[in-house]
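Number of protein chains: 2
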Amino acid sequence: MYLPSQRRMLSSMTVQLSGRLARSDRRSPGDFCPIDRAMQVVGTRSAMLIMREAAYGTTRFDDFATRVGITDAIAASRLRELVDAGLLERRPYREEGQRTRQEYVLTDSGHDLIPALVALGAWGRKHAVRRGTPTVTHEGCGATVDVVMHCAEGHTVDEDQLLVTG
Amino acid sequence: MYLPSQRRMLSSMTVQLSGRLARSDRRSPGDFCPIDRAMQVVGTRSAMLIMREAAYGTTRFDDFATRVGITDAIAASRLRELVDAGLLERRPYREEGQRTRQEYVLTDSGHDLIPALVALGAWGRKHAVRRGTPTVTHEGCGATVDVVMHCAEGHTVDEDQLLVTG
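Residue numbers (this note's numbering), protein chains in the order written: chain A, 1 to 166; chain B, 1 to 166.
Honestly, the hints are just simulated from the structure, not real lab data.
A portion of the hints provided could be inaccurate.
So, partial list: chain A residues that the calculated Cβ filter (under 10 Å) puts toward chain B [stated by the list, open to error]: (1) M39; (2) A47; (3) A73; (4) G142; (5) E159.
Partial list, computed: chain B residues near chain A (C-beta under 8 Å) [as the list claims (entries may be wrong)]: (6) C33; (7) L49; (8) A73; (9) V83; (10) G86; (11) G140; (12) C151; (13) A152; (14) L162.
For each residue, glycine too, the CB sits at the ideal point set by N, CA and C.
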């Protein structure tokens with residue numbers, strides 16, 4: 001337990017620990033927050049894992065349901081939402097003697113989500129690891145892949161150099 | 001619609017589009033997938049937005065509920081889950097004349113989630129943008145911050161150089 005003066009110091013240390021990632025005002029960002037907007041689209045485990053499967057090259061409805069481990073009803077609902085949100089697109093295909101079906105492939109917007117998938121996987125590998133965890137590696141050198149924060153001017157950015165504006 | 005031979009070609013193109021992010025086998029990763037493990041912890045909009053607020057420096061229960069826009073019951077449940085999962089820790093504090101209360105601060109594990117928050121925000125800003133969207137910038141140079149994929153050997157990694165092993 002901290003007394004008021006200690007708590008204020010702790011609170012200021014906490015801000016330091018959390019870097020400069022502080023908004024210039026405290027209005028609720030709501031729909032204007034791009035993290036919130038992203039989570040409105042991929043803010044469920046099933047949606048994110050369908051995106052993982054699409055990045056792995058899965059295209060068929062049955063494969064999405066089986067590999068994510070969800071019911072057909074949930075798979076149908078999530079795939080429709082991800083198509084509507086522009087992360088996947090449907091393409092018709094037909095196997096000989098079968099009716100025409102739809103497959104699902106990543107759009108450019110879907111491809112742009114891959115760094116977020118890699119970042120979540122890097123966190124999971126570090127903090128919630130179990131033996132046999134799959135690892136994303138760099139083809140050729142074989143080293144583990146993570147993400148680093150980088151600005152448009154090409155600088156590597158540490159957490160304590162982050163500033164939220166707007 | 002594609003005939004079988006065309007569809008196979010399309011399928012192979014799809015794998016190309018999705019880069020080399022293909023598992024060496026097709027077993028269902030389940031609990032072994034680090035993305036899945038991460039989404040078991042922060043796989044709800046409210047959990048991820050509480051982590052965003054903690055990164056912004058929010059520590060008080062009431063502020064989490066108000067700034068994320070969730071009920072006290074949901075805030076209490078999410079905060080408890082995030083503490084149990086090791087992303088936040090409780091610290092007692094007391095204001096003069098008040099009873100002792102708990103505040104919530106990021107642990108090291110919680111700090112390690114920030115690149116994933118930045119990656120989701122970068123996706124949201126690019127693909128689900130609205131006017132007035134807050135932007136994460138690099139203090140000093142002011143340029144927008146995104147994430148880049150990077151391997152442990154220090155190479156920048158493109159999507160088509162990703163390989164999933166294990």
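key: Ascending list of hint numbers which this structure does not respect   = 3, 8 and 9
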